[in-house]
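Q: Start from the sequences, fold in the hints, and give me the full structure.
As they're listed, the protein sequences go chains A and B. Here the first sequence stands for residues 1 to 233, where the numbers follow our numbering. Here the second sequence stands for residues 1 to 251, where the numbers follow our numbering.
Here are the simulated DSS-like cross-link-like pairs (lysine-lysine), alpha carbons at most 25 Å apart as the crow flies:
hint, chain 1, residue 1, chain 2, residue 2
1, A, Lys8, B, Lys108
2, B, Lys108, A, Lys21
3, B, Lys133, A, Lys13
4, B, Lys115, A, Lys21
5, B, Lys247, B, Lys222
6, B, Lys133, A, Lys17
7, B, Lys109, A, Lys17
8, B, Lys109, A, Lys13
9, A, Lys87, A, Lys207
10, A, Lys87, A, Lys199
11, B, Lys247, B, Lys212
12, A, Lys11, B, Lys109
13, A, Lys8, B, Lys73
14, B, Lys109, A, Lys21
15, B, Lys108, B, Lys157
16, B, Lys157, B, Lys115
17, A, Lys8, B, Lys109
18, B, Lys155, A, Lys13
19, B, Lys155, A, Lys11
20, B, Lys108, A, Lys11
21, A, Lys21, B, Lys133
22, B, Lys212, B, Lys244
23, A, Lys11, B, Lys115
24, B, Lys45, A, Lys199
25, B, Lys108, A, Lys13
26, B, Lys157, B, Lys109
27, B, Lys155, A, Lys8
28, A, Lys17, B, Lys108
29, B, Lys157, B, Lys222
30, A, Lys8, B, Lys45
31, A, Lys17, A, Lys87
32, B, Lys73, A, Lys11
33, A, Lys17, B, Lys115
34, B, Lys115, A, Lys13
Listed next, the stretches of chain B that the computed footprint assigns to chain A, with coverage defined by at least 3 CB atoms under 8 Å from CB atoms of chain A:
hint, stretch
35, 68-78
36, 83-91
37, 104-112
Hints were generated in silico from the structure; no laboratory data involved. Glycine included, each C-beta is placed from N, C-alpha and C at the ideal position.
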Amino acid sequence: MLRLVFVKPTKGKVMRKLIFKDIQDLIIGSLGIVAFLSFFVGGVVSIQTALNIENPLIPKNLVGFATRQSIILEFAPTFMSIILAGKVGSFITSSIGTMRVTEQIDALEVMGINSVNYLVFPKIISMLLLPIVINFSMFLGILGGYAATIYGGFSSSADFIEGIQLDFRPYHVVYAFIKTLVFAMVLATIPSYHGYYMKGGALEVGKAATVAFVWTSVVIIVLNYFITQMLLA
Amino acid sequence: MITLNNITKSFDGLQVLKGISMTFEPGKTNLIIGQSGSGKTVLLKCLLGLHQIDGGTMYFNDRAFGDMVEEDKRTLRREMGMVFQGSALFDSMTVLENVMFPMQMLTKKSESEIKHAAEEVIARVNLENAYSKLPAELSGGMQKRVAIARAVVMKPKYLFCDEPNSGLDPKTAIVIDNLIREITQENNITTVINSHDMNSVMEIGDTILFLKDGVKAWEGSKELIFNTDNAAVNDFVYSSNLMKKIKQAHT
Ligand SMILES: Nc1ncnc2c1ncn2[C@@H]1O[C@H](COP(=O)(O)OP(=O)(O)OP(=O)(O)O)[C@@H](O)[C@H]1O
Ligand SMILES: [Mg+2]
Numbered sequence: 001m002l003r004l005v006f007v008k009p010t011k012g013k014v015m016r017k018l019i020f021k022d023i024q025d026l027i028i029g030s031l032g033i034v035a036f037l038s039f040f041v042g043g044v045v046s047i048q049t050a051l052n053i054e055n056p057l058i059p060k061n062l063v064g065f066a067t068r069q070s071i072i073l074e075f076a077p078t079f080m081s082i083i084l085a086g087k088v089g090s091f092i093t094s095s096i097g098t099m100r101v102t103e104q105i106d107a108l109e110v111m112g113i114n115s116v117n118y119l120v121f122p123k124i125i126s127m128l129l130l131p132i133v134i135n136f137s138m139f140l141g142i143l144g145g146y147a148a149t150i151y152g153g154f155s156s157s158a159d160f161i162e163g164i165q166l167d168f169r170p171y172h173v174v175y176a177f178i179k180t181l182v183f184a185m186v187l188a189t190i191p192s193y194h195g196y197y198m199k200g201g202a203l204e205v206g207k208a209a210t211v212a213f214v215w216t217s218v219v220i221i222v223l224n225y226f227i228t229q230m231l232l233a
Numbered sequence: 001m002i003t004l005n006n007i008t009k010s011f012d013g014l015q016v017l018k019g020i021s022m023t024f025e026p027g028k029t030n031l032i033i034g035q036s037g038s039g040k041t042v043l044l045k046c047l048l049g050l051h052q053i054d055g056g057t058m059y060f061n062d063r064a065f066g067d068m069v070e071e072d073k074r075t076l077r078r079e080m081g082m083v084f085q086g087s088a089l090f091d092s093m094t095v096l097e098n099v100m101f102p103m104q105m106l107t108k109k110s111e112s113e114i115k116h117a118a119e120e121v122i123a124r125v126n127l128e129n130a131y132s133k134l135p136a137e138l139s140g141g142m143q144k145r146v147a148i149a150r151a152v153v154m155k156p157k158y159l160f161c162d163e164p165n166s167g168l169d170p171k172t173a174i175v176i177d178n179l180i181r182e183i184t185q186e187n188n189i190t191t192v193i194n195s196h197d198m199n200s201v202m203e204i205g206d207t208i209l210f211l212k213d214g215v216k217a218w219e220g221s222k223e224l225i226f227n228t229d230n231a232a233v234n235d236f237v238y239s240s241n242l243m244k245k246i247k248q249a250h251t
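A: Shown next as structure tokens:
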């Protein structure tokens, strides 16, 4: 199937329209939930960290530091990708799956159109924008942590800001973006595959979306392990 | 013209088509009839190249399908139109966009030429008032008409329709049948229609292939189907009380 994504491409003008539509559905449509989750989970991470520091020898700037590290390294790239496996992934599976069961894919093939390229390629291209979403998630997660820290009185604003600047390694952000790009490919392809090759009717569309979600998240978690081992250890 | 020679097709051990031979002529509405599960859709999808046949030969105007290279097959595809059982309209596109779509994808015509051609075909199926409606906003009969418009907008030489009037009331069904027949005659298309509806048989059965369990059990036309002594055909034709009553009244 992967080969079919790239051969015999769709006309440029049509493809551009499809890509814009998918960016709208997959990327822009996800910003709301990503913003909401990032802000509040960022807040919870900093509260948890603050509550676990009782030893007065531990510097107060640790709250900011720990929030930044967990959000940049894991929460934004990995956790958000899993959330998106639910949102974006099930959208992809069910929209392609519906086209399969209502014979719209057959209709494309009968017209002599490469339906794999037509349906999957624009999704892969739009998902290349996922790092932007994750960047946004990082920013809001840390902002949420800051807000919770100040509001809860766990440390001072100056301490928190010092913490998020402490021992900052740009490589960690690079690592997070590399992961994100890999996960983006997983998010575009596995759900597409399950939608494209599904059989049956409307009920099976729902089942295919569930199966696709399970596989997408399992693959993301496993890849996360190997990428982390390779790039950080 | 399409000529079939001893076509066979199985799915994992289950033989669905058991050696079908038949000729479908241009300018005529050629019907494939038979009970549910007799293999009508499978045969149609074989003709379209959506299923690969296991054995036999298919000729499209004397060109053997088996001898064609990929490029020829692609060209042949563009000479085909298909009306799917459930219409298979693209549900994110309006009526006009659905009909423009094949031309946008496959021709180099300008946008205004494409729009003009699409409007002409939509007018032909009497849907001038529905240009900007989405498929979900149309009745079943209107969806079928859009599907027909989309199938013929590229001026196909071959038109395939899978139960074009299933799920429609008898009056609308006949409108659809006649629309297909008129377009077929106007453009000298070789049209193949799947049906299990006796109304269609009587209306547009120029030639009829009767399938039973994947075998050609009978071949004829609407004039011949009511006077045959083929038991399987009679069993199918006179399965409803309505048809039985008509027969009684006649004899
Ligand atoms: N893709 C497939 N894989 C396996 N078996 C199939 C496939 N498509 C059809 N069949 C089988 O082939 C047989 C004929 O099916 P087909 O859909 O051609 O019937 P039909 O005559 O079109 O019936 P209906 O009038 O209900 O549409 C059935 O037994 C069906 O189970
Ligand atoms: Mg069928």
